[in-house]
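Chain by chain, the residues:
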Amino acid sequence: DVKVTQSSRYLVKRTGEKVFLECVQDMDHENMFWYRQDPGLGLRLIYFSYDVKMKEKGDIPEGYSVSREKKERFSLILESASTNQTSMYLCASQESNEKLFFGSGTQLSVL
Amino acid sequence: SQQGEEDPQALSIQEGENATMNCSYKTSINNLQWYRQNSGRGLVHLILIRSNEREKHSGRLRVTLDTSKKSSSLLITASRAADTASYFCATGVSGNTPLVFGKGTRLSVIA
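Here the protein sequences come in this chain order: A and B. If you use our numbering, the first sequence corresponds to residues 372 to 482, in order. If you use our numbering, the second sequence corresponds to residues 27 to 137, in order.
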């Protein structure tokens with residue numbers, strides 16, 4: 372079975388901190404995605420990547436950056452965390468441009 | 027940008043009843059997928075239906091697609107308490123365009 376692992380289930384950070392959310396997949400998928408999920412807003416795409424060192428902005432990239440140095444790892448970076456970035460963050464990898472496999476999510480609280 | 031819109035937003039039924047959720051979308055699609063999310067966890071892929079298919083089954087799940095009406099429905103038959111979750115539709119437009127998710131339907135199955 373495909374496994375997508377997010378480094379933390381819960382994270383508490385302070386305003387202004389630099390935050391790294393790590394995501395690793397074990398199925399050699401080329402496509403990887405970062406979403407955030409907020410009540411009433413559904414899933415919103417932050418960034419995605421279709422290859423190593425490649426990245427594309429999604430619908431809400433402001434305040435975020437990403438890194439994909441290796442195929443299996445896609446990192447989301449909050450350069451200077453703010454309270455409005457408190458959210459559930461979901462990483463996913465994609466099989467053959469179709470089915471997505473999600474990690475368990477990271478609930479980030481920025482105080 | 028939200029393409030799929032699920033209806034209803036919330037649904038509460040008794041165990042053993044059938045649950046039907048609908049998804050409407052705006053543009054032409056390549057495929058439509060349904061995902062399930064247990065509270066506080068990542069999404070799990072349930073079923074994919076392609077634009078040239080009208081109906082698909084998987085266990086107690088039945089999905090229909092009407093491209094002329096730009097709508098899909100997910101039917102869960104003989105529901106169980108364990109089916110309690112949020113259900114999301116996601117539309118795939120073309121090979122290298124990310125899936126777009128709706129806001130989900132919260133299903134509660136009461137034992």
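Any given hint could be a false lead.
Said to hold, decoys possible - Distance windows between CB atoms, simulated:
| no. | chain 1 | residue 1 | chain 2 | residue 2 | range |
| --- | --- | --- | --- | --- | --- |
| 1 | B | Glu81 | A | Gly434 | 27 to 37 Å |
| 2 | A | Ser451 | B | Thr103 | 22 to 32 Å |
| 3 | B | Thr90 | A | Ser451 | 41 to 51 Å |
| 4 | A | Ser453 | B | Asp92 | 19 to 29 Å |
| 5 | A | Leu412 | B | Arg86 | 41 to 51 Å |
| 6 | B | Arg86 | A | Ser438 | 21 to 31 Å |
| 7 | B | Asn64 | A | Thr457 | 17 to 27 Å |
| 8 | B | Lys95 | A | Asn455 | 18 to 28 Å |
| 9 | B | Asn122 | A | Gln478 | 23 to 33 Å |
| 10 | A | Lys442 | B | Gly66 | 23 to 33 Å |
| 11 | A | Thr386 | B | Asn56 | 33 to 43 Å |
| 12 | A | Asp399 | B | Arg80 | 49 to 59 Å |
| 13 | B | Gly66 | A | Ser453 | 15 to 25 Å |
Claimed, not checked - Below 30 Å or equal to it, Euclidean Cα-Cα: the simulated DSS-like pairs (lysine-lysine) are:
| no. | chain 1 | residue 1 | chain 2 | residue 2 |
| --- | --- | --- | --- | --- |
| 14 | B | Lys95 | A | Lys374 |
| 15 | A | Lys428 | B | Lys82 |
| 16 | A | Lys389 | B | Lys95 |
| 17 | B | Lys82 | A | Lys426 |
Bear in mind the hints are in silico, worked out from the structure with no lab data behind them. Ideal placement from N, C-alpha and C gives every residue a C-beta, glycine not left out.
Structure-based check of all given hints:
For glutamate 81(B) and glycine 434(A), the hinted distance range of 27 to 37 Å is not satisfied, since their beta carbons lie about 43 Å from each other. For the pair serine 451(A) and threonine 103(B), the beta carbons lie near 50 Å from each other, so the given range of 22 to 32 Å is not met. Between threonine 90(B) and serine 451(A) the C-beta distance comes to about 47 Å, which sits within the given range of 41 to 51 Å. A hinted range of 19 to 29 Å is violated for the C-beta pair serine 453(A) and aspartate 92(B), which are about 43 Å apart.
One distance hint, 41 to 51 Å for the beta-carbon pair leucine 412(A) and arginine 86(B), is violated here, with the actual separation near 29 Å. Take arginine 86(B) and serine 438(A): their Cβ atoms lie about 41 Å apart, and the range 21 to 31 Å is violated. The hinted range of 17 to 27 Å is satisfied by asparagine 64(B) and threonine 457(A), whose Cβ atoms lie roughly 21 Å apart. Restraint check, lysine 95(B) to asparagine 455(A): a C-beta distance of roughly 37 Å breaks the suggested window 18 to 28 Å.
Between asparagine 122(B) and glutamine 478(A) the CB atoms are about 30 Å apart, so this pair conforms to the stated range of 23 to 33 Å. The hinted range of 23 to 33 Å is satisfied by lysine 442(A) and glycine 66(B), whose Cβ atoms lie roughly 29 Å apart. A beta carbon spacing of about 42 Å between threonine 386(A) and asparagine 56(B) agrees with the range 33 to 43 Å that was offered as a hint. Distance hint check: the CB atoms of aspartate 399(A) and arginine 80(B) are about 33 Å apart, inconsistent with the given range 49 to 59 Å.
For the hinted restraint 15 to 25 Å between glycine 66(B) and serine 453(A), the CB-CB distance of approximately 23 Å keeps it satisfied. Under the criterion of a C-alpha separation no larger than 30 Å, the hint pairing lysine 95(B) with lysine 374(A) is inconsistent with the structure, at around 36 Å. The suggested pairing of lysine 428(A) with lysine 82(B) is violated, with an alpha-carbon distance near 33 Å, which exceeds 30 Å. In summary, the hint linking lysine 389(A) to lysine 95(B) is not supported, as the alpha carbons are separated by about 46 Å, beyond the 30 Å threshold.
At roughly 34 Å between alpha-carbon atoms, lysine 82(B) and lysine 426(A) are farther apart than 30 Å, so this suggested pair is violated.
Hint violations for this structure: numbers 1, 2, 4, 5, 6, 8, 12, 14, 15, 16, 17, all remaining hints satisfied.
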